[in-house]
Structures are given as structure tokens and as C-alpha cells.
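**Q** Sequence:
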Amino acid sequence: MSGFAPRKQFSQNFLTDPRTADKIVQSLGTGPGDVVLEIGPGTGVLTQRLLRTPASSILAIDLDPRAIEHLRQQPWAQDKRLVVREGDALKIDPATEWPDIAREHRAVIGNIPYSITSDLLFWALEHHRSTSRVVMMMQREVARRCVAQPRTKEYGVLRVAAWLYSEAKILFHVQPGSFFPRPDVTSSVVRFHLRESPAANVDPIAFMSFVRAAFSMRRKVMSNALQDWGRRMSIDVRTCGEIGGHDLTKTRAEELSPEQLAELYRLLVATVKDPGQ
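Residue 108 is where the sequence shown starts when you use this note's numbering, and the numbers rise one by one after that.
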């Protein structure tokens, strides 16, 4: 493989299959006037293909200085639309990078490192007001959690967040042989069409705090799992009984859909006269 050797500290598995790279970039649907943030470009297999699209600007950001040096040496990287930067994608806001570009023209793409998959997913979802769409390749196990149904082992906080901020879809799977070094797991490419406003009429940060509490003890009923959250909110969830058609002493978070969790949250918060007290 040309370029540089992958390092475990960066959780690097470089995509080597050109046909898969083509499909990933095509999935982003880049059009004229679009700007793209690429997370973890590595050897540039996706970057090269992004430069073949009508995108007006591409920012490729990587923590590995060797990747930055490698990319800057490539003849195709002299394209003036491309900026290659060493840095942490979690500290980037697409709206700040491209303040004069409309949200619908901002997009994110990446073959994201396995070690920080969850962090990057929540970063992308929480930037729903800055970005219109995201295409990411990740472990198949995590991809399934993004689209999981209630009462399955994959269903949890990530699925609720994906619903709240986006419409998520698994596009296709990628076998280990498409990477170097070969990972132990199958990967999946997921597209997120980000919602400009959350799917539910809730404070998204406060609601996700509720969701994390509800799923913190998966096998416990919600009257137990939510006790600490309830104390912070001045709600005694043990005495709420049935609310919104759900008996909290018998119901687990994994049994409720994202919509039902949002409705339950609204009803619980409504029982507090002044949550600030």
C-alpha cells in the first residue's frame, strides 16, 4: 500500500477498495455550491473522489500529521478547492468554517476511526443546525444501533439521538478485505439527513439527558432507572405511577419508541411547577 503505515493510536484502517470509495462519495450527493468536511482522510481515497464532484470547497481534517504531509504532497491535492488541516474534527463547526454558505449546502463525510465512533456520531448529530447531511462509514454493530427498533439489544441512546436529529439509513456494508489493515469486523455506510429542528418539541439537550438516564440501567424499570434524574428535576418518579399510558414501575426504556420517550419526557417535566427551583 502506498502512503504511510497505519498506527493503532489513531485507530486507522485505510479504505483501499476504489469501488467502495466511489459509492461512499456518490452517497453524499454533492452538488454545485456544496462544501464538504471530510473527517479522517487518511491516504486520501475519498478526498480524491470528492475533488471530482462539483463541491466548491473541501476541508479534510486529520489528527495524524503524517496524513497531512502525505496529502499535501499529492498532485491532485493542489486543487484550490481543497484545504488540508491537522486537527480534531470534534472541535470543528461547519457553520463557523463556512459562515456564508447556506446550511443545505454543508455536508460531512468520513471513514471514521473505530475508537471515537460514538463521539463523532454525537458531534455530527448535535451539529444538525450547521449541516444538512452526513455520510459515515463505521462498524456494522454501531450502524445497527443508529436504526434499531425498540425491544432489540441494539436499541438505546444512539438510536434516540439519531431519530431526534436526523433520518438515518444504512446504505450498504463493507467487508474487512476492503481495508488495510484488515479489521476484525464488517463496516457499514450510514447516511444521516439532518433535521434543522429536532423531531420532537423538546429541549434536545435536556431530553437527551433524560434518555441517557432512562437507558443507564437497561434491565431496570424506569421508576428505578430515573431516580437520580428525577431528584435533579424535583420529580419523584417512584410515585408517578401510570403516566402517558405507561406504568413506570413496570416499563423499561427499551420498550418505548423514541416518540413515546419524548412524550413521556414532556409529561414528566410538565408535572414540575418550576423546574428551576
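If you're looking for bench data, these hints aren't it; they were derived computationally from the structure.
Just so it is clear, CB atoms sit at the ideal spot from N, CA and C, and this is done for glycine as well.
Hints should not be assumed to be uniformly reliable.
Claimed, not checked - In silico BS3-like links for lysine-lysine, alpha-carbon gap of 30 Å or less:
(1) 198 <-> 130
(2) 260 <-> 187
(3) 327 <-> 260
(4) 327 <-> 357
(5) 187 <-> 198
(6) 130 <-> 327
(7) 276 <-> 198
(8) 276 <-> 260
(9) 357 <-> 260
Stated by the list, open to error - For each label pair, taking beta carbons as the anchor points, the in silico distance ranges come out as:
(10) 225 <-> 345: 25 to 33 Å
(11) 207 <-> 291: 21 to 29 Å
(12) 187 <-> 256: 31 to 39 Å
**Q** Against this structure, judge whether each hint is valid.
**A** Now for the hints, and whether the structure bears them out:
1. For the suggested pair residue 198 and residue 130, the alpha carbons sit about 28 Å apart, so the restraint of at most 30 Å is met.
2. With a C-alpha separation of about 47 Å, the suggested pair residue 260 and residue 187 falls outside the 30 Å cut-off, and the hint is violated.
3. With a C-alpha separation of about 14 Å, the suggested pair residue 327 and residue 260 falls inside the 30 Å cut-off, and the hint holds.
4. Between residue 327 and residue 357, the direct Cα distance comes to roughly 9 Å. Compliance with the 30 Å bound is thereby established for this hinted pair.
5. Simply put, residue 187 and residue 198 have alpha-carbon atoms about 24 Å apart, close enough for the 30 Å limit, and the pair holds.
6. For the hint pairing residue 130 with residue 327, the CA-to-CA distance comes to about 42 Å; that exceeds 30 Å, so the pair is violated.
7. Between residue 276 and residue 198 the CA atoms are separated by roughly 26 Å; this keeps the pair inside 30 Å, and the hint holds.
8. For the proposed pair residue 276 and residue 260, the alpha carbon gap of about 18 Å is at most 30 Å, so the pair holds.
9. A C-alpha spacing of about 19 Å is found between residue 357 and residue 260, which places the hinted pair at or below 30 Å, so the restraint holds.
10. Range check, residue 225 to residue 345: about 31 Å between beta-carbon atoms, so the 25 to 33 Å window is met.
11. Evaluation of the 21 to 29 Å hint for residue 207 and residue 291 yields a failure: the beta carbon distance comes to about 44 Å.
12. For the pair residue 187 and residue 256, the beta carbons lie near 46 Å from each other, so the given range of 31 to 39 Å is not met.
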